[in-house]
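J.: So you can see what is in the structure, the chains are spelled out below.
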Amino acid sequence: MPIDFWTGWVAVLTIASLVGLAWVSYGVYFSGKKAGFDEESPTIWDENLREGAHPPPMWWFWTMLASLVFTLIYLILYPSFGSLSGTFQWSQGGELDERLVAHESTFGTRRTEIAQMDLAAIQEDELLMRAAKRVFDRQCAACHGLEAKGQADTFPNLRDDLWQWGNSAEAIEKSIRDGRQGIMVGWSSVLNRAEASYLAQYTVALAEAPPGSHPGKAKYDELCVACHGSDGTGMEALGAPDLTKGIYTYGGNTLTIKETILYGREGVMPAFGDVLDDMQIRLLVAWLTDGS
Amino acid sequence: MPDPNVYNDRVVTVLVVLSLVWAIAGMGAGVFIAAELVWPTIDLGQEWLSYGRLRTLHTNGVIFGFGVSALMATAFYSVQRTSHVPLFAPKLAWFCCIAWNLAVLLGGISLLAGWTSGKEYAELEWPFDIGITIVWLAFAVVFFGTIANRKVKAIYVSNWFYGALIIVIAMLHVVNSMAIPITIGKSYSLFAGAQDAIVQWWYGHNAVGFLLTGGFLGMLYYFLPKHADRPIWSYRLSIVAFWAFTYSYIWAGPHHLHYNAIPEWVQSLGMVMSIILLAPSWATMVNGVMTVAGAWEKLKTDPALKFIVLALAFYGLATFEGPMLSIKSVNVVSHFTDWTVGHVHSGALGWNAMITFGTFYFLVPRLVGAALYSVRLANIHFWLALAGTMLYVLSMWGAGVSQGLLWLSLDELGELSYGFRDIMASMTPYYALRFVAGAIFLSGAILMFYNFVKTMENRTTVVRRIPDVTTARSAVEAVA
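Order-wise, the sequence lines are chains A and B.
The letter at position 97 of the first sequence is residue 202 when you use my numbering, and the numbering goes up by one with no holes.
The letter at position 396 of the second sequence is residue 397 when you use my numbering, and the numbering goes up by one with no holes.
These are calculated hints, taken from the structure and not from any lab test.
Hints are supplied without guarantee of correctness; some may be wrong.
Selected chain B positions facing chain A (Cβ under 10 Å, derived; list incomplete) [as the list claims (entries may be wrong)]:
no.	residue
1	S51
2	H85
3	L279
4	L411
5	L417
For each residue, glycine too, the CB sits at the ideal point set by N, CA and C.
Here chain A stands alone, though its shape is the one from the complex (with noise of 0.2 Å):
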């Protein structure tokens, strides 16, 4: 096996220091010389301080004895010196992966079903929803809240009705393997603050009843329609929110959306697909859309 220069240098350091450890516990037990140490006349230091001439015990020479033993035995065995990975051929790595495997070969099978379930079945068992609320506690409350309610003006509600990128499953499902990009144009180059005021108003009122005439109708209708549609309902192969709705992830008071018109907004869903396999992203859908 070719040994490179530093697995050398951290083998010679190491070796030393145990060779080290054990001269100076035998030298201390067996070398005969007192070292400096005079029974006859012992040195004082400070009045009452004084060596005590007792021999040190032999149980602890074979308890450092023995410990230096385990440690030769560990250091061959195991990853020891740089690129030397020890007669076991152990790593980390390796054992994630038996863990991996093993944890396959106990549920591998019973996943699977559970990834192929009809989902109305699996919102009728309590225990599969227990467990789909545990992933959604870990995976997902961070952002949007341990309710599904949303938070801080920034993460979706999702136990409302506006879902901007669809509400079926599989919309869902698409929504939390591959992720979602959404993003709001800003448009302070093209409208004044006045402009943008009227635009606010108008998108409230779109969400009461489409009014006749309204000072904002005429740039909603220039800017707003490609995306929002002319009676505000959205389009979810965009992102773009129903905005008759009256539900707003960054807040619904006029001054919040005239920001959103003049400023956009950028929001970004991580995808899950590496990091959930398919029956916790089952779950999650089940979870999601059960009641809905």
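Given the coordinates of chain A, work out where chain B should sit on it, guided by the hints.
T.: For chain B alone, coordinates are given in the frame of chain A:
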């Protein structure tokens, strides 16, 4: 011109008082953040009262304020007496005392203001790091200068430990603090990623090793035999334990990074060296216990010795627990849990604080030339300290072991059985108990402070002259 035949003890007295002030402030911060973990809103929305900032004030206050002031005081006190000379450069000793405490005070304020390098136990930013280096060098000059002037040929074992403290902490502090300053209050470490982690824990664990263990062992080796009025049971065991201790401790840091993104051989070495450490640690404990053996009757009447012997017991406990936690398969359960916090506090409260209390009960009456105001209060303090420590350690063992096992538990689907939040919520009783434990321990420290204030009201002028006869050996040589 100071009298060359008199020990410099005034700087020791001031350091003891400052150490006591830091004990109350640092432990007070600890009790407050323990309460924050039970009632999170008591930070009143103030950034400087938040857990993140007060936690660093707690650790810096107790380790560097309380601990290092006590270590400086006892090092100055004992090095003179074991060398039979006054302090070398006594003005520099005063500089150490004042500049160190100023650094901890201003550093504490900077931590509350949000300055931090983000390195655990080394949070102070680069201007403080430079200041600390200068003070530490002054400490080294005073200490090793006194040793160099000594009239006793053999250097006493406590001085070996204090010497190791000074040299190793200088090395650790300078290397770990190397950083590129960006502004007056912000710098970035010279090391990146896994290297930064390894350097940080090489520092972090050896700060525990050479400051909280080695430094306080210096305290033990002087004040225990002095107080028990017995020689160190086996002086040779103390020397071999010293070398085994310094040799193996310096490798142990990587056990803080088990199963992390650092090379596996580094983890292996960190683990085996931690296990070897059990031998020198218990050598010291046995040596200490055997030194007191034969003076047991003193324990009935003497609260100072009681504290020191109890400190030895907790030292034995913590130095057994440490090597166990460093074993990788145990670490799988214990890592990131409150078990670690319990382990640290069985050392910090049971060992460091207790031995300092015992030493101070011995030292203060001698320094101020007045009998201790109340032995009864000191005895009450002893029981408060013991109860507080036991309650603290037990509550954190309970919390830590249940966290470790609940986090790893799987349900019948192969999913984690419990959400992190649920486990967190179940910790409330343990955390409440820990808050009570801390409050009990703190109340004992306040009692001690009061006791010392009353003692000092009766102070007289004390002048400790250096004895004429330096050693029995030199007396024997003179006869021959």
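J.: Now look at each hint and say whether the structure bears it out.
T.: Now the hints, each set against the structure:
no. : hint : in the structure
1   : S51  : 19 Å, violated
2   : H85  : 8 Å, holds
3   : L279 : 7 Å, holds
4   : L411 : 8 Å, holds
5   : L417 : 7 Å, holds
Taken one by one, the earlier hints fail for this structure only at number 1.
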